[in-house]
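Visitor: Chain by chain, the residues:
Protein chains: 2
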Amino acid sequence: MNELDLVDRIRRMSGGARPREGLLLGIGDDCAIYRPKSTEDMLFKTDQLIEGVHFLPTLPPAAIGQRALARALSDIAAMGGTPRLCLVSLTIPRNRPASWILAFFRGLLALARRTGTILAGGDLARSDKLYCDVMLCGVVPRGLALRRDTARPGDNLWISGRLGKPWDRPIRPRLDLGRKLLRRDIACTACIDISDGLALDLHRLCLASGVAAELDRVALLKRVARGASLERALHGGDDYELLFTLPPRKAGPAGTTKIGKMVAGKPGAMRLEGRPLAPRGYDHFGIDIT
Amino acid sequence: MNELDLVDRIRRMSGGARPREGLLLGIGDDCAIYRPKSTEDMLFKTDQLIEGVHFLPTLPPAAIGQRALARALSDIAAMGGTPRLCLVSLTIPRNRPASWILAFFRGLLALARRTGTILAGGDLARSDKLYCDVMLCGVVPRGLALRRDTARPGDNLWISGRLGKPWDRPIRPRLDLGRKLLRRDIACTACIDISDGLALDLHRLCLASGVAAELDRVALLKRVARGASLERALHGGDDYELLFTLPPRKAGPAGTTKIGKMVAGKPGAMRLEGRPLAPRGYDHFGIDIT
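Heads up: the protein sequence lines correspond to chains A and B, in order.
When you line the first sequence up against my numbering, it's residues 52 to 341, in that order.
When you line the second sequence up against my numbering, it's residues 52 to 341, in that order.
Source of the hints: derived by calculation from the structure; they are not laboratory data.
Mixed in with the good hints there might be a few duds.
[Said to hold, decoys possible] To be clear about the criterion: a stretch of chain A counts as covered by chain B if any three or more of its residues have a C-beta under 8 Å from a C-beta of chain B, and this derived list gives those stretches:
hint: 1; region: 71-80
hint: 2; region: 96-107
hint: 3; region: 178-187
hint: 4; region: 190-202
hint: 5; region: 283-293
Each residue gets a CB set at the ideal place from its N, CA and C atoms; glycine is no exception.
Can you build the whole structure from these sequences, using the hints too?
Guide: So, in structure tokens, the structure goes:
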């Protein structure tokens with residue numbers, strides 16, 4: 052099977068070149084063509100998934116494909132968006148057969164179908180390491196995208212789901228919740244997804260908004276996943292829950308919990324039950340760049 | 052320098068988060084936000100650049116950054132498009148310092164500025180191999196994008212520039228030519244960029260359009276780059292010129308040459324001065340997938 056044959060198989064799995072949902076031309080030309088709606092802003096995100104860095108070589112190909120797309124979908128969810136199309140770049144070690152590549156795309160496309168994401172293009176290459184990059188494009192009603200730089204002192208801090216879950220479970224991007232947070236009666240002021248740990252992502256939200264945060268230890272302990280420690284819930288990564296802020300008298304949708312509040316103070320400063328909380332989390336660069 | 056500091060440096064180099072050219076929000080949130088125009092279709096392309104596969108480790112970082120963007124720009128040119136924004140994913144070996152990364156982005160951003168491309172986001176990671184993926188988004192007037200599946204028997208075949216150029220020279224994407232080909236008086240019927248060799252890319256154009264092609268050996272020999280062979284011009288890669296079709300009585304813009312014609316026949320079949328031409332070129336997958 053050469054590159055043309057393989058691309059043809061993937062194209063047919065992705066639904067072919069037929070126009071749908073604004074996509075005028077999918078896999079098979081120099082570029083994909085998309086016709087945007089005048090009522091929507093467009094969201095762009097890219098996310099890498101590298102063997103040995105983001106997952107272990109034992110993960111099956113379909114799960115890798117699912118995970119590669121899910122991570123980017125979580126960012127679209129954090130803006131209140133709806134995914135439209137993705138481009139997938141994949142570099143595959145020479146010893147993996149075409150069946151491995153097709154299983155990867157089956158896993159990715161199963162999640163793509165469930166979330167309304169069209170595979171519109173990509174790039175394949177061979178090297179000695181498994182490397183994947185997903186570019187995702189979503190839409191959001193004009194002017195309504197949820198941002199991380201718009202939280203205000205006095206807002207309450209909310210999260211969805213539970214923190215400190217096992218790394219290797221399937222990711223369920225919070226797309227429905229993100230869209231609910233756009234509702235006027237909920238009045239969400241800012242949102243971010245927790246991909247590198249609550250402490251680090253809250254720090255980013257605080258820095259962007261120029262505010263500080265105080266976390267409620269008792270409320271937080273109730274949201275720690277079964278079998279996880281508070282340390283893991285605070286500083287572990289890969290939770291893919293949404294962290295968002297609401298005005299004081301507003302309540303979050305079902306399945307979300309208030310865990311603290313935003314306060315005036317040194318931008319980025321965080322306290323847990325009065326004690327300083329370090330913005331430690333998953334940092335790919337850490338201390339090794341000089 | 053940690054990830055936050057490095058991203059902050061790159062963000063400032065890219066022009067910061069200020070809105071411009073439809074980009075409402077650049078680097079620094081979960082997604083970039085772009086507001087499309089109702090008169091335009093959007094083009095999407097992703098292209099990988101891997102050390103040891105697409106370039107030698109001796110290439111300086113600024114040239115790698117330039118090349119990574121240029122390859123994707125060539126695809127936007129082939130659709131008649133104008134680039135708007137890019138997302139850049141970069142995985143860097145642990146032994147390369149932050150100064151290497153910043154030089155890579157200086158090279159990429161110099162070409163981005165010359166072509167009106169905004170760096171709107173990306174992803175950084177550390178691994179043991181240098182790996183880069185550029186996602187590029189461009190625009191084209193509604194319904195006018197140049198495709199590869201619309202050539203007709205009887206059309207003449209044209210190319211820009213010269214073929215068989217050295218692999219390591221800087222790439223100059225043919226954006227101006229692509230936009231010229233949109234003009235009604237030129238009446239371009241199909242277009243593709245030559246990235247994997249004339250023979251292979253012409254084969255793709257023929258397959259997509261369901262036609263065959265006949266090449267004129269004398270005309271082609273005049274377009275072979277100085278010091279290159281006809282073999283290299285036909286089957287070498289990395290030329291990044293445009294290959295396009297025009298109706299019989301139309302002439303291509305300055306700097307382009309007629310090298311053959313499209314004919315009815317077995318889709319994808321090609322002849323050079325009457326003899327069959329094999330669709331050999333740069334194929335990442337070649338024979339090693341089973």
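Visitor: Work down the list of hints and note, for each, if the structure agrees.
Guide: Going down the list of hints, with the structure as the test:
no.: 1; hint: 71-80; in the structure: holds (count 4)
no.: 2; hint: 96-107; in the structure: holds (count 8)
no.: 3; hint: 178-187; in the structure: holds (count 6)
no.: 4; hint: 190-202; in the structure: holds (count 6)
no.: 5; hint: 283-293; in the structure: violated (count 0)
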